[in-house]
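**Q** In order, the protein sequences belong to chains L and B.
Residue numbers for the first sequence, in the working numbering: 1 to 277.
Residue numbers for the second sequence, in the working numbering: 1 to 368.
Treat the hints as calculated values from the structure; they're not laboratory data.
These figures come from a predicted structure and were not determined experimentally.
One should not assume that every hint holds.
Here are the simulated lysine-lysine pairs, DSBU-like style, with alpha carbons at most 35 angstroms apart [stated by the list, open to error]:
| id | chain 1 | residue 1 | chain 2 | residue 2 |
| --- | --- | --- | --- | --- |
| 1 | L | K170 | L | K35 |
| 2 | B | K151 | L | K35 |
| 3 | B | K249 | L | K35 |
| 4 | B | K171 | L | K35 |
| 5 | L | K242 | B | K151 |
| 6 | B | K249 | B | K146 |
| 7 | B | K359 | L | K242 |
| 8 | L | K191 | B | K146 |
| 9 | L | K54 | B | K272 |
| 10 | B | K151 | L | K91 |
| 11 | B | K179 | L | K91 |
| 12 | L | K242 | B | K146 |
| 13 | L | K242 | B | K323 |
| 14 | B | K232 | B | K195 |
| 15 | L | K35 | B | K232 |
| 16 | L | K242 | B | K43 |
| 17 | B | K249 | L | K54 |
| 18 | B | K272 | L | K231 |
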Amino acid sequence: MPAPYEIFVLVKQVPDQGSKAGLNPDGTIDRARAKRMLNPFDRYALQAALNVKKTYGGRVTAISMGPPPAVEVLLETLEHGVDRGVLLSDKRLAASDTLATAYALYKTIIWAGHYDVIFCGLQTTDGDTAQVGPQLAERLGLPQITYCQDFRIAADQVYADRIIEGGYQKIISQMPLLITVANSYHRLEYKSFHGSWKVQQLLRNTEEQNKYIQSVDLDVIGADEQRCGLKGSPTIVAATEKVGEIGGNCSMHEGHSAEELVGEVVQSTNLQEFLAI
Amino acid sequence: MTEEDKTANPVRGEVLIVAEQILGELQHITLELLGAGTYLAGKLGSKLSCIVLGHSLGDIPQKLVACGADTVYVADHPELNTYRTLPYRRVVCNLLDSMDTPAHICLLGSTTTGRDLAPRIAAHFETGLTADCTELDIGSYEHKSKLDPTKVGLYEGCLYAIRPAFGESLKARILGPWKNPQMATTRPGQMTPLKPDPNRPGRIISIPVNIMTEDNRLIIAETLREIGKGVKLQEADVIVSGGYGLGSKDAFQLMYNLAACFANSAVGATRKVVDQSWIPYEHQIGQTGKTVRPKVYIACGISGAIQHRVGMANSGLIIAINKDVDAAIFKFAHHGIVGDVFQVVPEMIRQLEAVKQEKEVQTVVSAH
Ligand SMILES: Cc1cc2nc3c(=O)[nH]c(=O)nc-3n(C[C@H](O)[C@H](O)[C@H](O)COP(=O)(O)OP(=O)(O)OC[C@H]3O[C@@H](n4cnc5c(N)ncnc54)[C@H](O)[C@@H]3O)c2cc1C
Ligand SMILES: Nc1ncnc2c1ncn2[C@@H]1O[C@H](COP(=O)(O)O)[C@@H](O)[C@H]1O
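Next up, chain L with everything else stripped away, as it sits in the complex (with noise of 0.2 angstroms):
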């Protein structure tokens, strides 16, 4: 498969973790209450995704599973520069767990067509648990690099770093593959003006806005219901409690100038016992 390539990349709307988001009574988030963002890490898969495209030239689809207005992560990321979009909604959905979302964007995977790679994000911050891809991976029968920090492509063969306990490992994997990029990889750029333009348009238009992104649901996909949303999910959020921040309670020194503060911080703690005398 040589280049162009058609790249996957495999982006969530999460809600925003500076705006608390509410719990429903069974542990599930109650997203219409949150603000909605793009999942921070998934920046990093996107900034990927679009450093193939513009180094070996192919094509971006970025793939979103979520209630409609998931659709606003998709159009920020043809702003970025991706080609398609592909928005899986469905009431049937609800309370996906890792097992069951891997499960419905395989479906979708399959169903959007050929890739030579597919990019996740290290981990969502909402349900935070790095799985979504490496399961999705062995849906798809792929090899996987997990907390790969950089690449490189050459003769269709991919060249990575990934992040191991004290140190890192060289890899060397065929294509297709599924990588999942760590949050050192490069920073994702500004958008593109072209990007911007473009999306400026189709917010205007919604005919021209569905030649870009394109929403299926489970029968479109041909998903089987029983493995989607709770049913499909073999895991349950069985109870929930709030606990205290660790540590919790920072002393906090601001506002005076640097003098005052470390002065604060000199004066209240027990830093003066280790001083080298």
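Please build the complex by placing chain B with the ligands on the supplied structure of chain L, with the hints as guidance.
**A** Only chain B with the ligands this time, still in chain L's reference frame:
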């Protein structure tokens, strides 16, 4: 299954731990998992087993028995020398498939290996997996929700997988009693290992390794481990750590200058600055670096990412200097200084030097 069967406590499958070794070195997380597994197996009335994969494993299987395993499955093969997703997945799934009574629970570490492998095993068996647990327990669970009638019922001997959620502000108890093995990964440093007992009895069983060509689509060219022993981070009373907020390699001199104020100190760093080559790897603190517990930890220009936090959160006194009042580090530091490191740190050095001189004068005076 009738109602009776469900509660009748049938013969329970084993609790299986997937051991982790890097370049032949058994990882501490495995000992922690054996500690947790011993507790779970005891409560369930089942056995604790452990699978270890690698090549020329030396006395690792014996160590695993000494640390709690009733049975150790050894998969020894040159191709298993270094961890790779597909071959490891193949061998572990084959083992689980071959068991007469399916394993009840399967546990891995929330390490870069465990978090890579566990989801693949779970997806293969279509079973539940809870990531990054801080507590594990066994208990019963009654599922009442009629949304899915096939799941309603009372379940005994369920794995309670307890993990932080929403930036650690909530603790969630997650269950998946409908399918075995019930799976979880545990965060390093959370479970307590047993004291090794070389006289513990246990079986060591060699298991077949059938790697397929398709498992070799990905190869490891090299494994680079850069943890040095030279920097005495673990013994220091005071650690001065620098992060990306320092802006440059040269700015690390400021860290050394502050550290020099203290009698027994060392300089630490985040992974991000190590990746920039501002400071060598042996200074790195965190999940993929060292775990430290100094009396004082001074974090300069560090955001407080969870991977850094797990390596230093147990320090006696944490002082954080960061110019962003919303930085995560202020959520768990004891003292937070909101300010620019380039103003705050030189000022701290100045004041500490002043205190030192005062004390020196006092010592000289009292010596007379
Ligand atoms: C698998 C994996 C393993 C990892 N393992 C580790 C690990 O072992 N250890 C580790 O540390 N990280 C690890 N990381 C990386 C971790 O997620 C973070 O990316 C990293 O800790 C961030 O480093 P930082 O705080 O130095 O940088 P940043 O997150 O960029 O934070 C810099 C901070 O400096 C502040 N700042 C900027 N300028 C100034 C100034 N002039 N004065 C004061 N403050 C300033 C900013 O407000 C910011 O909060 C790992 C990541 C992965 C994916
Ligand atoms: N609903 C979703 N839609 C698209 N991608 C997803 C979704 N959930 C998870 N992912 C992808 O899987 C990664 C890991 O997610 P998680 O396992 O939830 O931590 C994310 O960074 C995304 O790339």
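**Q** Taking each numbered hint in turn, which are not upheld by the structure, reported in ascending numerical order?
**A** 1, 3, 6, 7, 8, 15, 18
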